[in-house]
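Between the sequences and the hints, there should be enough to build the whole structure, so can you do that?
Number of protein chains: 2
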Amino acid sequence: MEAGGSLAGDVLLGQPWIPVSVSGCQLLAKSWFGETTYHILLSDLHSVWEERMDAEAIQIRAKDLNKRLQAPVKAFFSYLYEVVQPFLSGDNSGADSKAQISLTKQEGGNISIGLKSKLEGLPFHWEFHCIPAPVTLVCVQLVRPLLAMSRLLQQQVDQLGGLLVRKDAEILDYKENGATLTRERLQTDVFEEHTFRQDFMAKALPLLCAERPDVLGFDADLQRLYGAVVTHRTARKRKLPEERVVEELQTEGAALSSSPAAKSVGVDTAGDDRKQSHNGQVDEAEAKTASKQTVPQSLAVSSEPAERPSTKSKKKKKVGLFR
Amino acid sequence: MEAGGSLAGDVLLGQPWIPVSVSGCQLLAKSWFGETTYHILLSDLHSVWEERMDAEAIQIRAKDLNKRLQAPVKAFFSYLYEVVQPFLSGDNSGADSKAQISLTKQEGGNISIGLKSKLEGLPFHWEFHCIPAPVTLVCVQLVRPLLAMSRLLQQQVDQLGGLLVRKDAEILDYKENGATLTRERLQTDVFEEHTFRQDFMAKALPLLCAERPDVLGFDADLQRLYGAVVTHRTARKRKLPEERVVEELQTEGAALSSSPAAKSVGVDTAGDDRKQSHNGQVDEAEAKTASKQTVPQSLAVSSEPAERPSTKSKKKKKVGLFR
Numbered sequence: 001m002e003a004g005g006s007l008a009g010d011v012l013l014g015q016p017w018i019p020v021s022v023s024g025c026q027l028l029a030k031s032w033f034g035e036t037t038y039h040i041l042l043s044d045l046h047s048v049w050e051e052r053m054d055a056e057a058i059q060i061r062a063k064d065l066n067k068r069l070q071a072p073v074k075a076f077f078s079y080l081y082e083v084v085q086p087f088l089s090g091d092n093s094g095a096d097s098k099a100q101i102s103l104t105k106q107e108g109g110n111i112s113i114g115l116k117s118k119l120e121g122l123p124f125h126w127e128f129h130c131i132p133a134p135v136t137l138v139c140v141q142l143v144r145p146l147l148a149m150s151r152l153l154q155q156q157v158d159q160l161g162g163l164l165v166r167k168d169a170e171i172l173d174y175k176e177n178g179a180t181l182t183r184e185r186l187q188t189d190v191f192e193e194h195t196f197r198q199d200f201m202a203k204a205l206p207l208l209c210a211e212r213p214d215v216l217g218f219d220a221d222l223q224r225l226y227g228a229v230v231t232h233r234t235a236r237k238r239k240l241p242e243e244r245v246v247e248e249l250q251t252e253g254a255a256l257s258s259s260p261a262a263k264s265v266g267v268d269t270a271g272d273d274r275k276q277s278h279n280g281q282v283d284e285a286e287a288k289t290a291s292k293q294t295v296p297q298s299l300a301v302s303s304e305p306a307e308r309p310s311t312k313s314k315k316k317k318k319v320g321l322f323r
Numbered sequence: 324m325e326a327g328g329s330l331a332g333d334v335l336l337g338q339p340w341i342p343v344s345v346s347g348c349q350l351l352a353k354s355w356f357g358e359t360t361y362h363i364l365l366s367d368l369h370s371v372w373e374e375r376m377d378a379e380a381i382q383i384r385a386k387d388l389n390k391r392l393q394a395p396v397k398a399f400f401s402y403l404y405e406v407v408q409p410f411l412s413g414d415n416s417g418a419d420s421k422a423q424i425s426l427t428k429q430e431g432g433n434i435s436i437g438l439k440s441k442l443e444g445l446p447f448h449w450e451f452h453c454i455p456a457p458v459t460l461v462c463v464q465l466v467r468p469l470l471a472m473s474r475l476l477q478q479q480v481d482q483l484g485g486l487l488v489r490k491d492a493e494i495l496d497y498k499e500n501g502a503t504l505t506r507e508r509l510q511t512d513v514f515e516e517h518t519f520r521q522d523f524m525a526k527a528l529p530l531l532c533a534e535r536p537d538v539l540g541f542d543a544d545l546q547r548l549y550g551a552v553v554t555h556r557t558a559r560k561r562k563l564p565e566e567r568v569v570e571e572l573q574t575e576g577a578a579l580s581s582s583p584a585a586k587s588v589g590v591d592t593a594g595d596d597r598k599q600s601h602n603g604q605v606d607e608a609e610a611k612t613a614s615k616q617t618v619p620q621s622l623a624v625s626s627e628p629a630e631r632p633s634t635k636s637k638k639k640k641k642v643g644l645f646r
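Residue numbers (our numbering), protein chains in the order written: chain A, 1 to 323; chain B, 324 to 646.
Quick caveat, the hints were computed from the structure, so don't treat them as lab data. Please note that the accuracy of each hint is not assured.
To be verified - Each pair of labels, with its calculated beta carbon distance range:
#: 1; chain 1: B; residue 1: F523; chain 2: A; residue 2: Q187; range: 50 to 56 Å
#: 2; chain 1: A; residue 1: L65; chain 2: B; residue 2: S346; range: 36 to 42 Å
#: 3; chain 1: B; residue 1: A380; chain 2: A; residue 2: F200; range: 41 to 47 Å
#: 4; chain 1: A; residue 1: E120; chain 2: B; residue 2: Q429; range: 52 to 58 Å
#: 5; chain 1: B; residue 1: E515; chain 2: A; residue 2: E176; range: 25 to 31 Å
#: 6; chain 1: B; residue 1: A543; chain 2: A; residue 2: Q100; range: 47 to 53 Å
#: 7; chain 1: B; residue 1: D512; chain 2: A; residue 2: P206; range: 34 to 40 Å
#: 8; chain 1: B; residue 1: Q393; chain 2: A; residue 2: S112; range: 54 to 60 Å
#: 9; chain 1: B; residue 1: G437; chain 2: A; residue 2: P206; range: 42 to 48 Å
#: 10; chain 1: A; residue 1: Q106; chain 2: B; residue 2: F523; range: 23 to 29 Å
#: 11; chain 1: A; residue 1: L65; chain 2: B; residue 2: P529; range: 54 to 60 Å
Even for Gly, the Cβ is constructed at its ideal location relative to N, Cα and C.
This is the structure:
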């Protein structure tokens, strides 16, 4: 019933939503790249789009877009990943300076993201053809996590309010026994939850709504919380021992890493680790190293099995060279 | 571009999501009833369904389902509202004891909610035919408000954390000057935000995920916040003077009332007020009175103009009796 309920879907669920800018258009992006497969989600918070591609589909489009290019799909994919990942991770600083990316909204609600670069001195073209995502996927990837996040944050607000009331009781006890402050500026007002909420809302709501409409607002704190919620849910679904889940959640930043989610669903995350670092941005050094390792191997016709079998590509026949 | 961007859509946006149970199925429901039109949304957080009906469509279905029934669409609609609203507001206590409601999941992803009751001693049948809602509507009604709620709650968490740090500074000043507690139990630990968050997550996440899957968790606090966010956004869109919006937001419970949203979009909310009270539940007394007022008027063939013109019915031709 759930979109993204598959193994690959669970791994994608563990990825953060990252604010990205593609030719001036502000989007939230979420992506998972396997061995020779990918699944990307994009949203402007008015619509949600996705594209899932496997080795065979990538090979066909690669050949169609790059007539003169002769390369194994694995080499092509590795380069595609290296070029596109900086964009998808919101970190354009590390992007291939020769690469150009463009977004086209098409009739029927689809969007297309075009990519132009060079591989081995030859023009390199790619297009992501993203179609509107089904509501079930939007529920899995956005609605349920956001509702869970809101509940957790509301609980935190309640607990912090309770702590403030206890602090005030402690302060009152000191005062009633004649204690005075040496520095008047340290004096605080007694906390009153209802008044706090009303004042907060009166100030915060206008600011929230005065923002430019393209501010999508999925900031680092919310990304961390999102990661914690979905990682934990995925882990539960896979019946991971409770103590291991808690341990992972207690690791600072673990929430945002794709590793816990991937581990929890039993996927070798060597690739994911290099592709998504804890702050949701590409680790350039690792990415480049990884690519350097991968490209030469696969530029030669190689029939060696993939070191990191991906969930989909296993089912697909491997083709060494475009024919 | 926005589903629900219409006047009626804005009024619906201002309604709360209410947990309801229909033949054992837990759903979130959101509904708006006009003069002789309605728009309902239902979600199990895996899918979202909707039905929008205007006077003409209601009249056709009413005649089709109730062959022997002779009544003006306005009288039929008023009774339909009276029977169904307790279910849609999650308050079955006030529901017509003779009324039976049933939910059927159909092929193609649609759901149908059947209603059986009696009107003037005759069998009264109604069916809500809900189809999957478009992603744009899910974004408007769930994703964007939930993200805004999360941001506001995160800001509250940050502000409360800051207040706790100031309380600790005040407490420290008292202690450094020799103040002691008369009651040891009033002693509090120094607040450390990072530790608090980690402890909270380690405790709260397992509880959240251990819940029965049908717990949808849109509780009263979140409903209030949802109402504040969407009411404010609607008000902004309609360019309501800032001070009036703030004033409305500062009114306790105003967030959950359909009135501010409706007022802000310039709709006479006499009907909405009676239909949705501040805690998101039907005010039975008002509802019964209102129905008593409405039904007799409209049981007589009446060509008087609607006291509360609804956005859609205005465009539709009015028919006094089924033909």
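Status of each hint after checking the structure:
1. B/F523 to A/Q187: 50 to 56 Å: With Cβ atoms ~29 Å apart, the hint is violated.
2. A/L65 to B/S346: 36 to 42 Å: 52 Å, violated
3. B/A380 to A/F200: 41 to 47 Å: 43 Å, holds
4. A/E120 to B/Q429: 52 to 58 Å: This hint holds: roughly 55 Å between Cβ atoms.
5. B/E515 to A/E176: 25 to 31 Å: 27 Å, holds
6. B/A543 to A/Q100: 47 to 53 Å: For A/Q100 against B/A543, whose Cβ atoms are near 51 Å apart, the range 47 to 53 Å holds.
7. B/D512 to A/P206: 34 to 40 Å: 36 Å, holds
8. B/Q393 to A/S112: 54 to 60 Å: 56 Å, holds
9. B/G437 to A/P206: 42 to 48 Å: 45 Å, holds
10. A/Q106 to B/F523: 23 to 29 Å: 45 Å, violated
11. A/L65 to B/P529: 54 to 60 Å: Given range 54 to 60 Å: violated, Cβ gap about 48 Å.
Hints 1, 2, 10 and 11 from the list above are not met by this structure, while the remaining hints are.
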